[in-house]
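Asks: Take a look at the letters that make up each chain.
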Amino acid sequence: MNKSGYVEGGSLSGLRVLDLTRVWAGPLATRIFGDFGAQIIKISDPRTPVANTNGVNNKLNRNKLSLGLRLDKDSGKGIFRDLVAISDVVIENFRPRVMRNLSLAYDQLKAINHDIVMCSMPGFGMEGPYSEYPAYGTTAEAIAGVPSLIGYEPSVPMPTGIAYGDPISGLHAIGAVLASLRNRDIAGGGQFIDVALAAGPVITIGEFLVASSADSYEREVYGNKHTHQSPHGAYKAAGDDNWIAISVTNDQEWMSLRSVADDDRLSDPRFFEFEGRKQNEKLIDQVISEWVANREAVDLMNLLQNAGVPAGRVANSRQFLNDPHLAARDFFVWLDEQEFGPKQYEGQSIPGNYVDKSNWEPSHQMGQDSRYILEDILGYSDEQCHSLASEGSVAFNRELPTSDQRD
Amino acid sequence: MQDRHSQNEQTAENLPLRGIKVVEAAQGVAGPFCGRFLAALGAKVIKVERPPEGDWSRKIGPFLPGNVRSECSALYLYNNMGKESVLLDWETESGMSALETLVSSADILIEDWDRAYREEIGLTTDRFTSLNSELIEICTTPFGLTGPYSRWKSTPIVQLALGGYLYLTGNSSEEPLMLPGHQPDYLTGLNAHNAVQIALWERARSGRGQFLEMSMMENLGVLHQFTFEMETYSGVVRNRNGLQWNKVGPFASYGITTLPCDDGYVAFGASTEDQWERLCAMLGREDLLDDPEFDTRLKRSQKSDTLDSLITDWMKGKTRQEVFLEGSEKWFLPVAPVLNLNEVLRDPQFVQRNLFQPLSHPEAGEALYPTFPFAMSEIKPIVARAPLLGEHTSDVLGGLA
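Residue numbers (numbering that gives the first Met the number 0), protein chains in the order written: chain A, 0 to 406; chain B, 0 to 400.
Don't read these hints as lab results, they were simulated from the structure. Nothing false has been slipped in among the hints.
No more than 30 Å apart at the CA atoms, straight line, and that leaves these computed lysine-lysine pairs for DSBU-like:
no.	chain 1	residue 1	chain 2	residue 2
1	A	K72	A	K109
2	B	K58	A	K224
3	B	K315	B	K298
4	B	K43	B	K58
5	B	K246	A	K224
6	B	K152	A	K224
7	B	K152	B	K58
8	A	K356	A	K342
9	B	K315	B	K302
10	A	K281	A	K235
11	B	K302	B	K246
12	A	K109	A	K76
13	B	K58	A	K281
14	A	K281	B	K152
15	B	K302	A	K235
16	A	K235	B	K246
17	A	K342	B	K246
18	B	K152	A	K235
19	A	K277	B	K152
20	A	K277	B	K58
21	B	K298	B	K329
22	B	K379	A	K109
23	B	K43	B	K20
24	A	K342	B	K298
Sample of chain A residues facing chain B (criterion: CB under 8 Å; computed from the structure):
no.	residue
25	W23
26	Y132
27	A143
28	V145
29	P156
30	N182
31	I185
32	G199
33	E206
34	V209
35	N223
36	G232
37	R328
38	N352
These numbers were taken from a predicted model, which means no experiment stands behind them. Note that CB positions come from ideal geometry on N, CA and C, so glycine has one too.
Using the sequences and the accompanying hints, generate a full structural model.
Replies: Rendered as structure tokens:
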């Protein structure tokens, strides 16, 4: 991306996306568009300080332009409407009433641009009994039923610990927006898309819900136990909190595990088949636990995988960031975050023609691109910019130069 | 232009992927979940399954009641909605030739042939794209086709372990816990659909297809919340905290916690200062707002046990639904009941969104199927049952002769 925000290459170059999203799910979605070369105009209220010291804002907002804009002011709304007229997509994750109260609901935007695709990502959806209730990824996963399927024992559910509702919602938004853009190209006309955060995790436990609806599912296994695989679990390896995940999916893998673990107690012929292993799972787990207790998780993983047994070290953040496989595949990216220095981030997992990583832009300061957007994209004059700055509708990140300082 | 709102019946003819032909050789969840989106959006999806047993997910439950078990796997039935099934053994010469014929007139090929399998059957990555320059081929595998792990085996728990998720779920002193079912595969299927949509967008402009190599491990890597930034910006390794939230580092906070009430558990998601104030007001404990013991997020997080017991006491005599309604409506807090599966299926918000639709299958009978978490104003995705094994073999392969 060069200074003007124009992207050389990238499958989505030429698309313009107005990004009103905050927190995680929404910015994750628009980051994908930006990585693939769409022009993302991230619109933020200048009165809300950007919390960037923890890194999440910076990670999610790479490859985006920043416009500081107050939508509650008439002149701010006017700028937004001017942008809608020349954009392809508007995406937001406020509560349903916010855009309606701003007179910026889909029907009102469609009157400006018949082809606009608008994606709203509220907690529970735009309509329905819970539509104005707040929701986060942590509460969304709960009402979607996910914690009821996790846990050590039947009576106590376990949250994912990772706010699972958010990433699923973000990924759904991308597909729905792109399908709508394709529809626009073929048939003409825009689209309103309502992605409910709470409905996202429902979709990834579909098989359990289908069976449950026919009274055909009852949870049988707890902890890391598995209905079709044994042994199956995470076993504590050498060190403080290091674990190795092992799952034996068939009898051949069992024989391989037995040969590397080399303990007479595993030689029982009853264990050669799944049923026998499942019935004696406690004993087998005990033997494996003893075997791994003083070995390094990475060594165990290499040993088991080289013998053909599915196994993986339970990576923490530091171990993931230093993973040799990911490094060999050039998965990570380093971006220079000015005051914070160069920082390592995950790259883009969607393959294809994304913008070359050497051209990725770190997150921009709030309002860093306001002037470019107003003058170069919308054609506002210098005087208009000054007047918008003085009434506080637009934040320009730094003092606007006077006309004779420019050029 | 006709008023698209007036349409009340949606068929493939007015969906965005009308005219798009997909061949799906992938099995399990990741590739098939991608194909399910494409079918719902109007593409013709031909699923090729190897005889005699077909997709391995047919052997994995949970199962619906029915006499023919391989037709009753809810995992298969859910992930293969709206597709056609063709029996075809691409490991034989004639089968591969039939697959090549199918793919040469297709727009998209979804497969999951990993490096070890490709080497075993002698399949290069340009086998199909060289036959059809407009073909978009997506290959989803656990680790990708290059790199030191590319010949390794994987399962969901192994994937969650290496992807950095397993470490974050469960109690801090105990074995870390896996997410249910096939989460890495579902997340990969979602992103595979995104990859295909992006490639279709580009193809509409450039006319060229692509071979898209997707790694499940990398998909997990891009979906972490703040796990890596906690490390790279603050030098703190994120850990797991059971029913509670982070108690160290910049994301330490109180108010994200899961607690019991009279008929089950409730998940609270309060994390901002505003929400802390409203939580105290809800509990009738505004005095805590002036208490120096609780004046930062970090201090509060470290008093999670004390604060949890205040909420638990407050919830005594209340049901999950009562807490949910009072917390959401009166105090505007992010709070939700932890529902079990039967409750999810009956939840009034989900029901109003038509999130579940009944479908009848000739072998597995009636069941409710989750549709999509998005609703669209102009497009109604197709919701149709999964095919029987080889149900469309003669229709599809007969047409090739």
